[in-house]
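Chemist: Each chain is listed here by its residues.
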Amino acid sequence: MPDAVGLELLAEELREADGESVLDTLYFRDKGVLIVNPVTIRATLERLRGKGFDALMSVHGVDYYPEEPRLGVHYELLDMGALDRLTVKLRVPLGNPVVPSVTPDWPTANHQEREIYDMFGVIFEGHPDLRRILMPEDYEGHPQRRDFPIGGEPVLFTIDESDGKAYTK
Amino acid sequence: MSTDVTRTSGYRQLEESITMAPLERLGTDELDQELLTLNMGPHHPATHGVLRLLVTLDGEVVRDLKPIIGYVHTGIEKTAEDKSYWKVIPVVERMDYLAYYFNAYAFCGATETLLEVEVPPRAQYLRVIHMELNRIMSHLVWLGTSALDLGAISMFWYCFRERELILDLFEQSSGQRMHTRYIQVGGVAEDIPRGFEQKVREFTAVMPGRADQYKDLLANNEIVLQRLRGVCPLAEEELLKLGVTGPLLRAAGNPWDMRKATPYCSYDHFDFKIPVGTEGDNWDRFAVRVAEIYESVKIIDQALDGLPEGPWITDDRKVALPPRHELATSMEALIHHFKLVTEGFRVPPGEVYFPIESPRGELACFVRSDGSSKPARVHMRDPSFVNLQATAPMTEGSYIADLIATLAMLDPILGGIDR
Chain A
1 MPDAVGLELL AEELREADGE SVLDTLYFRD KGVLIVNPVT IRATLERLRG KGFDALMSVH
61 GVDYYPEEPR LGVHYELLDM GALDRLTVKL RVPLGNPVVP SVTPDWPTAN HQEREIYDMF
121 GVIFEGHPDL RRILMPEDYE GHPQRRDFPI GGEPVLFTID ESDGKAYTK
Chain B
1001 MSTDVTRTSG YRQLEESITM APLERLGTDE LDQELLTLNM GPHHPATHGV LRLLVTLDGE
1061 VVRDLKPIIG YVHTGIEKTA EDKSYWKVIP VVERMDYLAY YFNAYAFCGA TETLLEVEVP
1121 PRAQYLRVIH MELNRIMSHL VWLGTSALDL GAISMFWYCF RERELILDLF EQSSGQRMHT
1181 RYIQVGGVAE DIPRGFEQKV REFTAVMPGR ADQYKDLLAN NEIVLQRLRG VCPLAEEELL
1241 KLGVTGPLLR AAGNPWDMRK ATPYCSYDHF DFKIPVGTEG DNWDRFAVRV AEIYESVKII
1301 DQALDGLPEG PWITDDRKVA LPPRHELATS MEALIHHFKL VTEGFRVPPG EVYFPIESPR
1361 GELACFVRSD GSSKPARVHM RDPSFVNLQA TAPMTEGSYI ADLIATLAML DPILGGIDR
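Top to bottom, those sequences are chains A and B.
Our numbering applies: residue 1 is where the first sequence begins, and numbers increase by one.
Our numbering applies: residue 1001 is where the second sequence begins, and numbers increase by one.
It is worth saying that the hints were derived from the structure and are not from the lab.
Be aware that a few hints might be false.
Claimed, not checked - Derived DMTMM-like pairs: lysine to aspartate or glutamate, alpha-carbon spacing no greater than 25 Å straight-line:
1) B:K1215 / B:E1164
2) B:K1374 / B:D1082
3) A:K31 / B:E1116
4) B:K1066 / A:E125
5) B:K1241 / A:E46
6) B:K1241 / A:D79
7) B:K1241 / A:D129
8) B:K1260 / A:D147
9) A:K51 / B:E1237
10) B:K1298 / B:E1190
11) A:K89 / B:E1081
12) B:K1374 / A:E67
13) A:K89 / A:D30
14) B:K1374 / A:D30
15) A:K51 / A:E67
16) B:K1078 / B:D1301
17) A:K89 / B:E1116
18) B:K1318 / A:E67
19) B:K1241 / A:E125
20) A:K31 / A:E46
21) B:K1273 / A:D79
22) B:K1078 / A:E68
23) B:K1241 / A:D84
24) B:K1241 / A:E140
25) B:K1078 / A:D138
26) B:K1078 / A:E67
27) B:K1066 / A:D138
28) B:K1078 / A:E140
Since the model is a prediction, treat every value here as computed from it, not as a measurement.
Could you put the whole structure together from the sequences, leaning on the hints where they help?
Modeler: Given below as structure tokens:
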């Protein structure tokens, strides 16, 4: 695992390549976290691939409600040779939730970016097939957002169609 | 004379008028071939759940394949946000319903990392014993259902016979056969009962012999060999790009197994091997999983031999329930009990990603805590969800029958994919 010093060195190298890329670093529970600028995510992940982090294990979304910028996307990188793991995080505001897609560089992100789009409404620019993946195609809203209520969403039952109602609560 | 009879028959005239020319032309001239788009599933016995595959066929050959999922999405991750940490465990267990000990451990491990709780050695060993039993159980269900897909029904009954032995063991230690809620934050729910160790030893004595029988039944069977050997291989680099882990990656020759590479939960105490394949075809995927059954048996035996004495759950009263007898005498224990049962424990704010090696690959739980007694976000990186992306590159250009075999060897669990 890269220690706190190693993480700072890595962040410094990335900043040298692109001053805008790394916004902050965090060392939490023996694991390094890079907080990066959303615009530079593709280039940053490519540079980290050059450092040995050649496997993208997970991409997942977080909603930081009520803080702004509200939506977060996390990338879990793995270096199988050095047995290192590194988390790369970015945050985008709810008003403009656009993140460049990393699917062209990391095909594994395809399903996972679709899931984040489905659940949080983050738009991945450059994704080859950005559709809902778990929820129905005609579903409205993004259910994993923190202000989306649990329960109470309309459910379609065919038995109610005869009464003239398409949906019931 | 006979010709007169046939000439007068309208049916025979119709039959003779049919020309086979268009059919013969198919397959010779590529431009004339039509692609057929076919829905396989969502209710199809070979998809191991409610998976829909949109298959584009060129005759019998698969040209394109799109998995469509979400049919059993139940919003478990959303539900978990509304429950205190100890009540999340039974919910996440129901994601990948063949690997419930792994789901529970991934979540508890993430929570323990946030809380910085030490897990006693006995609890770690008990977790290992149950997780490896669970791994064998999962592989047995995979073996039985895969053999069923290849047309062998008796394997299914044999595998479920051994699965029953494992479920009986789970019932003995936790009271439940499936979704046991045995692993808790800080340890396990209860110590193993008397006689459990002997029962497990009886099982580990019988299991390798049974696995030998299964290997003899299948590995020398001509049909199985023809259906699996050299079918739908995918190279290691492709698998890594697609994020595929577990037996599928090991079948392609990459020995990545987190139990060895980054040991957790005392896995470094045990002597076991990582089976790997060479070709990365369906046969290797089959062989790697069968070989893993033997290794899991070895781990269970070693864990029973070295099972340490001591507590089976942390003595941190802020996290784990106090022993029942203390409630009658200690006011403090009563308060802790009350607080834990009503509100649950509070977890320091932070975000943790906790990966473990499940029967299907890297299973990881991401937990974000905002300092309250309920998680602000629970996300499972389910291996089936990621591995499913490899179906299309594996099967493109192969026969539709090989697609069935490949799907069986992929071992997707739709409960884990859809969550």
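Chemist: If a hint holds in the structure, say so; if it doesn't, say that too.
Modeler: Hints, one by one, checked against the model:
| no. | hint | in the structure |
| --- | --- | --- |
| 1 | B:K1215 / B:E1164 | holds (20 Å) |
| 2 | B:K1374 / B:D1082 | holds (7 Å) |
| 3 | A:K31 / B:E1116 | holds (14 Å) |
| 4 | B:K1066 / A:E125 | holds (21 Å) |
| 5 | B:K1241 / A:E46 | holds (13 Å) |
| 6 | B:K1241 / A:D79 | holds (13 Å) |
| 7 | B:K1241 / A:D129 | holds (18 Å) |
| 8 | B:K1260 / A:D147 | violated (42 Å) |
| 9 | A:K51 / B:E1237 | holds (18 Å) |
| 10 | B:K1298 / B:E1190 | holds (24 Å) |
| 11 | A:K89 / B:E1081 | holds (21 Å) |
| 12 | B:K1374 / A:E67 | holds (18 Å) |
| 13 | A:K89 / A:D30 | holds (16 Å) |
| 14 | B:K1374 / A:D30 | holds (23 Å) |
| 15 | A:K51 / A:E67 | violated (33 Å) |
| 16 | B:K1078 / B:D1301 | violated (39 Å) |
| 17 | A:K89 / B:E1116 | holds (23 Å) |
| 18 | B:K1318 / A:E67 | violated (29 Å) |
| 19 | B:K1241 / A:E125 | holds (20 Å) |
| 20 | A:K31 / A:E46 | holds (20 Å) |
| 21 | B:K1273 / A:D79 | holds (22 Å) |
| 22 | B:K1078 / A:E68 | holds (21 Å) |
| 23 | B:K1241 / A:D84 | holds (18 Å) |
| 24 | B:K1241 / A:E140 | violated (32 Å) |
| 25 | B:K1078 / A:D138 | holds (20 Å) |
| 26 | B:K1078 / A:E67 | holds (19 Å) |
| 27 | B:K1066 / A:D138 | holds (19 Å) |
| 28 | B:K1078 / A:E140 | holds (16 Å) |
This entry does not satisfy hints 8, 15, 16, 18, 24, going by the numbered hints stated previously.
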